[in-house]
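Number of protein chains: 4
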Amino acid sequence: MKPDLFEAPDYYNLDELLTEEHKMIRDAARSWVKRDVSPIIEQAAQDAKFPESIIPGLASIGAFGPYIPEEYGGAGLDQISYGLIMQEIERGDSGVRSTASVQSSLVMYPIWKYGSEEHRKKFLPKLASGEFMGSFGLTEPDHGSNPGGMTTNFKDAGDGENIILNGAKLWISNSPFCDVAVVWAKNEEGRIHGVIVERGMEGFSTPETHNKWSLRASATGELIFQDVKVPKSNILPGRSGLGAPLSCLDSARFGIAWGAIGAAMDCYDTALRYAKERIQFGKPIAAFQLQQKKLAEMITEITKAQLLAWRLGVLREEGKATSAQISMAKRNNVEMAVKIAREARQILGGMGITGEYSIMRHMMNLESVITYEGTHDIHLLITGLDITGENAFK
Amino acid sequence: MKPDLFEAPDYYNLDELLTEEHKMIRDAARSWVKRDVSPIIEQAAQDAKFPESIIPGLASIGAFGPYIPEEYGGAGLDQISYGLIMQEIERGDSGVRSTASVQSSLVMYPIWKYGSEEHRKKFLPKLASGEFMGSFGLTEPDHGSNPGGMTTNFKDAGDGENIILNGAKLWISNSPFCDVAVVWAKNEEGRIHGVIVERGMEGFSTPETHNKWSLRASATGELIFQDVKVPKSNILPGRSGLGAPLSCLDSARFGIAWGAIGAAMDCYDTALRYAKERIQFGKPIAAFQLQQKKLAEMITEITKAQLLAWRLGVLREEGKATSAQISMAKRNNVEMAVKIAREARQILGGMGITGEYSIMRHMMNLESVITYEGTHDIHLLITGLDITGENAFK
Amino acid sequence: MKPDLFEAPDYYNLDELLTEEHKMIRDAARSWVKRDVSPIIEQAAQDAKFPESIIPGLASIGAFGPYIPEEYGGAGLDQISYGLIMQEIERGDSGVRSTASVQSSLVMYPIWKYGSEEHRKKFLPKLASGEFMGSFGLTEPDHGSNPGGMTTNFKDAGDGENIILNGAKLWISNSPFCDVAVVWAKNEEGRIHGVIVERGMEGFSTPETHNKWSLRASATGELIFQDVKVPKSNILPGRSGLGAPLSCLDSARFGIAWGAIGAAMDCYDTALRYAKERIQFGKPIAAFQLQQKKLAEMITEITKAQLLAWRLGVLREEGKATSAQISMAKRNNVEMAVKIAREARQILGGMGITGEYSIMRHMMNLESVITYEGTHDIHLLITGLDITGENAFK
Amino acid sequence: MKPDLFEAPDYYNLDELLTEEHKMIRDAARSWVKRDVSPIIEQAAQDAKFPESIIPGLASIGAFGPYIPEEYGGAGLDQISYGLIMQEIERGDSGVRSTASVQSSLVMYPIWKYGSEEHRKKFLPKLASGEFMGSFGLTEPDHGSNPGGMTTNFKDAGDGENIILNGAKLWISNSPFCDVAVVWAKNEEGRIHGVIVERGMEGFSTPETHNKWSLRASATGELIFQDVKVPKSNILPGRSGLGAPLSCLDSARFGIAWGAIGAAMDCYDTALRYAKERIQFGKPIAAFQLQQKKLAEMITEITKAQLLAWRLGVLREEGKATSAQISMAKRNNVEMAVKIAREARQILGGMGITGEYSIMRHMMNLESVITYEGTHDIHLLITGLDITGENAFK
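Protein chains in written order, with my numbering: chain A, 1 to 394; chain B, 1 to 394; chain C, 1 to 394; chain D, 1 to 394.
None of these hints come from the bench; they were simulated from the model. Please note: incorrect hints may appear among the correct ones.
Distance condition first, Cα-Cα at most 27 Å in a straight line; then the derived BS3-like pairs of lysine-lysine [said to hold, decoys possible]: (1) D:Lys283 / A:Lys394; (2) A:Lys121 / A:Lys283; (3) D:Lys126 / D:Lys283; (4) D:Lys229 / D:Lys121; (5) A:Lys283 / C:Lys320; (6) C:Lys283 / B:Lys23; (7) A:Lys276 / C:Lys283; (8) B:Lys394 / C:Lys283.
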């Protein structure tokens, strides 16, 4: 018996599809979340403050670059391990998982894939250990769902060594405390490149976004570039064009598809437990048909989401998962989690609106998760395009 | 042109069903909310603090006892006026509307209906002006949906003049700052009576409930009675039994059915405006089918909810509305508002999670509204009982 | 007590909004449906055969031209009466209601509104009595949702008296037995005109559409025009352009919004009765929460649909109902009926798939009703356009 | 290229989870359905007539006892093969799949599992070849969802050799033409036993149920026993109690979970093809967001259902699938298919109600499938009981 673990539903014995290593990694993440995140996260959300004290723990469970090779400080794990770590973190809080997702898939991933060997050596180990925190600058105020329309740009500084970066990015997780930012901007020909911007560069500021009602335990902000001089050597050499940041989103969305299961599991587990203990009209409310309907449909949806994530993990590990397949899982699993959080909250009645239980915090967090890295509708249209061959974005 | 008013959808020309007085009362409430509530309410919610400064304003628009006769300080209005005032306040915030609902329907109403003439004269004018704030003690920790199971009780103090009250009530709006509480408790024969408890009575305390994620701009707390000595004359003489507090709930639920329309209107109005202004892929997102689907279904649902509320108002004014009819409108209209808030939030994308727009605050607030004064499922079973003749509560 | 009437839900006492005449007309229609339609309609549907024997009855209850002035043989009733008659007929069968809708709103209405006095005198009395049956030719195979794209056309015959009509219309109710058809076709300038085509004109044929799984008790077919010589005097002089047939659709859709309530009522009434009688696990299934959820939500939706139809009736009677308002009611009420039919069918378990009960027939019929006279999505986009000002059809 | 196959969606490359043999078996079934079932099935449904001519074909693809050992004439296949065969048949028609399900899981399975070696040798080969057709008598008129309440019973005939069987069974697939029936009845102690009743036994009749609107291409009827003398040797010796017939239902429900995917695939495939070809407003309707929403959500749901069925197949093959796990897949997958059929029908507009396309027939068929072998609500309560430990049936 492992008294320090959450109950995690596994209605279709999916653990049998995992290796021993997978389970070890998952259980380690789960224990850490239970011990170091759960006790403090509600207050962090109430205070709207990212709990920086958990950064070393995140590093220790491999949450920063799970699949980055060990030579660069990463955990060197497979995609399913990455997914499982995200799942466990999001049982705790979607904001904490977001911090890890950004660090791993939006900062370390492009540096690993598209950076020079020098970039890799300079940045990846520090990002893996949490010594450096990173952010990812793609979204702009007027181009949320259409990143190709970005206006952030750079031109040659004329000094042979630098570029001059101008523009602004919005809705950037980790921005307020990031040490480095992987920023996507257009060169003078309008071609998109990734640029590593470092804190301290003149003209680079990261104002925090306040009064969020979602992901309050993570920090969100802007990235503002006013004639920032950046060394040309900070441009990622490996790939240009919109495909580069989109490939990062693929990796992040894959993690979200797993993470959302964690949030859903925690809501389900909490609601089930509550329903079994809460007595009304002389019996546990879990004995009433209307509550069983909610709970039975939750576990059904979780089971399907788990299968989707598992299958996608196998495909991705084999290098075969398409962006459209990832979109389907991101869209499905986050919506699943949102719906479960809402139903779970109702099961708790009045208790469901307090910070004594995690459900409403999950519910609020998931409103960001269903929107970021491709809104619910954008993923729909990605699938639609994939199956019909017709572009309906415009 | 009235530049200070919100846009309010009226797709089926329902204003034609209102009198000039109705519209005047509504517009006055609307203007006040726009001027005095909207600018401050978001910060109050962020700070989780009831803005006491608005109490006089609430009194001025007739929100404290709209239908209480003028001789007792009330506004002496009809039921539709009452509904319209609640609608307008909830455009601002469900928490503020809750404060008004409690004061009107759960404190002033029972004193008016079941109190002695002395009670009426002593308490109603002060409650109407907001000099006194009241709370309503029915719900107990173990008896949320089944108030008849309450254990709060009183016995004769043996001094010929007093009773001794013991017990605890939970989820009590206005409790932390209430001057008086109408408390429902069982006498020694187990019969439920209403008792007016006044702040300052020994053994009476009102600890606040913290860390709510809903109705943060209103104050919620407990009512705790430890051997509180209350004059026998504070017992409401007019009616005993569970029917008495339930009749108060009828009045409050009627107000909620209207109030929820206000929250929904504000979400719809905000989302529509945003969708018309927000450009993506070269056109306003309001021009995309997926967004039109959300918006068109919102206005359809709002229109039906308005008709339901209007018809119920006529019936109630005629003294013919049954509890079951009220349950239907409360259940339908609050769920309508919850769904609209959720969809509206998605239309705003990332902006939807910030305090810059009211939508997510409404969404969070409505989680309480769908739960209190009879949960969504309890109202379902009330309708179910009414139409089938079969009791499925147990 | 009126033993020959169905039970009709009226949860919000809406009968009080009707006049005595309204109720008389409704009850007459109801009695006739109960007596003359219900006993034979199931077999007609099984046999996929329109029961022509009911034509005189339809005429007798005013179903052919309820609002056409008495001088032309119509019933001279108001719009709410028209709605109530449609409601009662559709309690029996949507196919029978369709027959009446077409006759009234798509044949008699345009002749009355846009025909010459001669047309009115020649056709309306016979159509009102059922001596003549009519059909309406607008939809074409390749232009279902976009009637303006029609290719049916006419040109001058060159004989000074006639036009030559060519083209084909599809999904035409009443076509196989119609005596006259109001056909919409483009003249040589591409302007749409209404033309009265009469059975027997050479080159005019009306092949029946077979193997329908919906509206099997009504006849559907094509209208085919191969060089049909039609007197110029058969052109409706009063209005040309797409607005003319669209105004007919407004009238028909208004009737459908009411009719759908009838189908829903019959499903609800049947399911409620069954649930109260059907014993499982020792009690009526109406006593189970899962069944109460279905039933309670049905009556809620019916009540709202009734209010919507009533309000629309008042507006239409006052000449103020817009096409967009009618679209909302058509879309809402038909979807409401479809959903209720589906849920009601489930309540009946295995019995729900047989012809012993009307529910599955209603469910199948409503699949046509949700599609014709503007599909569910087209009405959505009409509302969307109305509220956003953005055209999202294309 | 295999021109004779349907298009079958496989969005998550699930074919990789199948063996070559699985795919061969599936493709054989698919080809046969395409060639021998699709061309005739619509007319059979219109005529409400089971097409007996397809019986040999069903036998040839292994549809009668796919997992029954070859020594008894079965196909000796694994559970996933069984599932795939059911899936392919139901692409054609749920009624045909029902015929096969009953024969395999409700007649051959209990004879194989609980019959004597003599029973097996006498009946199984003939059932496998289709020479004999079987039916399964469990459901009674007053005990649909509660089979334990059955009243069909037998007593000792007193002649040392026979029992006397009395009672009636309802909703029995294949009944009108069955050669044998496996009937569940109570002995004098009230213990349930399986009894093989053979056509020709005196007092045994099988009247057909007419006027069904669902599964019209399969035959349904009653089994009536009036003092039927049955040899004692026809009692299944291997197991008594309600668990015996329930284990048969497990096997049948497993097949339904797969079969429903087939119906859904056919609806999706048809709707997608139609949407790509149907031009409105100048482009294929597949290019409109509202249609993409329908299609994208269909393929998402199909993919999850496939994963659920696959995982359940593995578990069942390993002998580890619980009844509750099977209930989840039956409930989920049939509801998935019902919803997809309904949405697909809407995509086809008017064409969707005709027999020219298979969709509405599927939609009607699935109304039976969602009800039989455990209604949608019963499976919900099975899951509810499993996860909460609370029985909410009563």
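Outcome of the hint check:
no. : hint                : result
1   : D:Lys283 / A:Lys394 : holds, 13 Å
2   : A:Lys121 / A:Lys283 : violated, 61 Å
3   : D:Lys126 / D:Lys283 : violated, 55 Å
4   : D:Lys229 / D:Lys121 : holds, 22 Å
5   : A:Lys283 / C:Lys320 : violated, 55 Å
6   : C:Lys283 / B:Lys23  : violated, 50 Å
7   : A:Lys276 / C:Lys283 : holds, 25 Å
8   : B:Lys394 / C:Lys283 : holds, 13 Å
Checked against the numbered hints given earlier, the structure breaks hints 2, 3, 5 and 6 and satisfies all the rest.
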